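Top line first, the protein sequences correspond to chains A and B.
Going by our numbering, the first sequence opens with residue 352, and the numbers climb by one from there.
Going by our numbering, the second sequence opens with residue 279, and the numbers climb by one from there.
Since the hints were made in silico from the structure, they are not lab data.
These figures come from a predicted structure and were not determined experimentally.
A few of these clues could be false.
[As the list claims (entries may be wrong)] Label-pair restraints from in silico Cβ distances:
| id | chain 1 | residue 1 | chain 2 | residue 2 | range |
| --- | --- | --- | --- | --- | --- |
| 1 | A | L669 | B | I522 | 32 to 40 angstroms |
| 2 | A | V652 | B | E316 | 58 to 66 angstroms |
| 3 | B | D469 | A | S573 | 52 to 60 angstroms |
| 4 | A | E396 | B | A441 | 25 to 33 angstroms |
Cβ coordinates follow ideal geometry from the N, Cα and C atoms, glycine included.
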Amino acid sequence: MSAGRQRLSRLLVLVPWVLAHDEPRVTEVCERFAISANELVADLELLFLCGVPGYGPGDLIDAGIEGGRVHISMAGYFAQPPPLTWKELTGLYVAGRALAAVPGGGEKEQLESALAKLEAALTEEDRAALRNLADRVTVDLETEHADAPHLEAIRDAIHTRTRLELEYSSEHRGSPTRRRVDPWFVFGALGHWYLAGYCHLAEGERVFRLDRMVSVHPTGESYQPPADLDPSGAAERLLRGPSGIRCVLDLSREAAWVAEYYPVKESRPLAGAGVRVELEAASLDWAVRLVFQLAPHAVPVQPPELVQAVRVGLDASLARYTGG
Amino acid sequence: MHKIERLVNLVALLLESRRPLTLDEIRDKLGAYAQDSESARRMFERDKRELREAGIPIAVAGTDAWELEQGYLIPKKLYRPPDLNLTPAELAALRMAALAWEAGAGGRAAAAVPMVKLAMGSGVDVPSARPWITPRLVGGSEQVERLLPWVCDRREIQFAYRAPGRDPEERHVAPYALVHRHGAWYVVGRDLDRDGMRSFRLSRFEGVTALMHPAKEGPEFDVPEGFDARSTLPSSPGGESPTIRARVRARGDAANLLALRNPVGSREDLGNDEAILDVEVGDREAFLRLVLSQGEAVEVVEPHDLRVETRQRLSRLREVLP
Chain A
352 MSAGRQRLSR
362 LLVLVPWVLA
372 HDEPRVTEVC
382 ERFAISANEL
392 VADLELLFLC
402 GVPGYGPGDL
412 IDAGIEGGRV
422 HISMAGYFAQ
432 PPPLTWKELT
442 GLYVAGRALA
452 AVPGGGEKEQ
462 LESALAKLEA
472 ALTEEDRAAL
482 RNLADRVTVD
492 LETEHADAPH
502 LEAIRDAIHT
512 RTRLELEYSS
522 EHRGSPTRRR
532 VDPWFVFGAL
542 GHWYLAGYCH
552 LAEGERVFRL
562 DRMVSVHPTG
572 ESYQPPADLD
582 PSGAAERLLR
592 GPSGIRCVLD
602 LSREAAWVAE
612 YYPVKESRPL
622 AGAGVRVELE
632 AASLDWAVRL
642 VFQLAPHAVP
652 VQPPELVQAV
662 RVGLDASLAR
672 YTGG
Chain B
279 MHKIERLVNL
289 VALLLESRRP
299 LTLDEIRDKL
309 GAYAQDSESA
319 RRMFERDKRE
329 LREAGIPIAV
339 AGTDAWELEQ
349 GYLIPKKLYR
359 PPDLNLTPAE
369 LAALRMAALA
379 WEAGAGGRAA
389 AAVPMVKLAM
399 GSGVDVPSAR
409 PWITPRLVGG
419 SEQVERLLPW
429 VCDRREIQFA
439 YRAPGRDPEE
449 RHVAPYALVH
459 RHGAWYVVGR
469 DLDRDGMRSF
479 RLSRFEGVTA
489 LMHPAKEGPE
499 FDVPEGFDAR
509 STLPSSPGGE
519 SPTIRARVRA
529 RGDAANLLAL
539 RNPVGSREDL
549 GNDEAILDVE
559 VGDREAFLRL
569 VLSQGEAVEV
579 VEPHDLRVET
589 RQRLSRLREV
599 LP
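Please model the entire structure based on the sequences and the hints provided.
Structural data, given as structure tokens:
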């Protein structure tokens, strides 16, 4: 959606919400509409210029901030937000049905009753159109791996703010680690479920793939999640990893999908059908594993440590197969 | 005048008016449209379209009994969200859906709008607790938004498609379905030039997709009975193949990882932190990638062709390494 359209939609909803809430706090409004204080100020300044034309005194909307509270008046005609748009309805419907199908997702009952209410309010024609659309859109959530057993335990721990003990098998060398983790939220990305939280072993924020958890146990200890947690921003930040190692790889056509699967900083075509990509790896180890799993279609170019590590690893691996 | 300001004023004017207003009256009151009446009309039509897309019910009606002139207004009884009598728990569940659909930059702000509408319609407050789980569907993206109506109305589409490592090619497709899998969106349908079922990843579309027969009305193709979008799409970026059994010798954590992915397989510990594992392989490519990613910690023992292929892939990489 374009920024302008999104802003118009927000304004037409923000005014009635503020009117119905009797001078809400700035922080409350920002939280509700997921905007910054600056965006709110800009919205109110724009509203201040609006009103029912005639433009005599008293025709214009009065909007502003006083003592940390938002006030809007002279906007009685905006007492109601506009109806739900078709796009909003279809998004809720498709995503709602997909979520209701996640095993261990937990909110199945509430989602199904909410979707039934959405459907019931439609005309017969719209209902048929909505069902047709739902038949045309298939959403496979990240359910194909053996993740589901842990989802329920993790959900309960997040709801009750209970610290977890994970037995976690990362792809790093060495045996699985036991770690205590404060679970914040679960997100889906690149075909997997991830748990984001504070790891007491690493003493920092970490993400854990659910299909690499060997076991999940509540510890009985409770924790406080950070107040300013933003799941959508945090998911992206955490996936990128704490520190970046700049890696350059030459991908042949068979491995070119990597360029759209991982966040690639730069990509340019090579002679032939290949592509040279630059990407940021969380660790050297991660980059080595990526090159290995793509073998022989990804050739490491930079940094030299990566090339060296791949060479050493390959020699060790090939030694296992000397017998044929 | 700022465009959004003009649109807000137009909504206010049409909501407040008790009778339909002609375009001349709107121009007169708003003072925001061009002097020249033809460009003013065009501008107004654009605004009207944009407001309707934002869900504003603008009605057209005759301005007098003889209906000589058309006027516009927003009926107050239509300008309100539906009262669905949603409970706070149902709203919280829908909020998870809204956030999943709008995941991505600015997603939370986009998700807030329908939620406030639904909550106010039902006379309850939007739950402010963060959802514990957010799949990232990114369905609110411009591409999905554009394609959805065409898929629903069964209209043929054309687009430039850039398969990995190839130059973009023009494609003509009857889109049977939109599919979200492994964090990406695909169009699944019949490739009209190649006359076969194909899937196309939306992130590889270049330029804008377009209707081929904009003048035609109604559906342009039928979706075959029993069509299943899920089975048309390859299960992983690599491809798919029938299930086979494989035996691997793996060390330490790699053994645990393989056992974790194949909970049904058997395991024999060899001591010295090594184990022999029998695993079911549904997707040969994905399995090879998993085995290879573990480096020297895993060795494929059987079947022979899989062992040979693993060795060949490793040695081919070794040969090209600088």
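Quick rundown of the hints versus the structure:
1. A:L669 x B:I522: 32 to 40 angstroms: For L669 (chain A) and I522 (chain B) the Cβ distance comes to about 24 angstroms; the hint is violated.
2. A:V652 x B:E316: 58 to 66 angstroms: Holds, since V652 (chain A) and E316 (chain B) (Cβ atoms, about 60 angstroms apart) stay within the stated range.
3. B:D469 x A:S573: 52 to 60 angstroms: This hint holds: roughly 56 angstroms between Cβ atoms.
4. A:E396 x B:A441: 25 to 33 angstroms: At 48 angstroms between Cβs, range violated.
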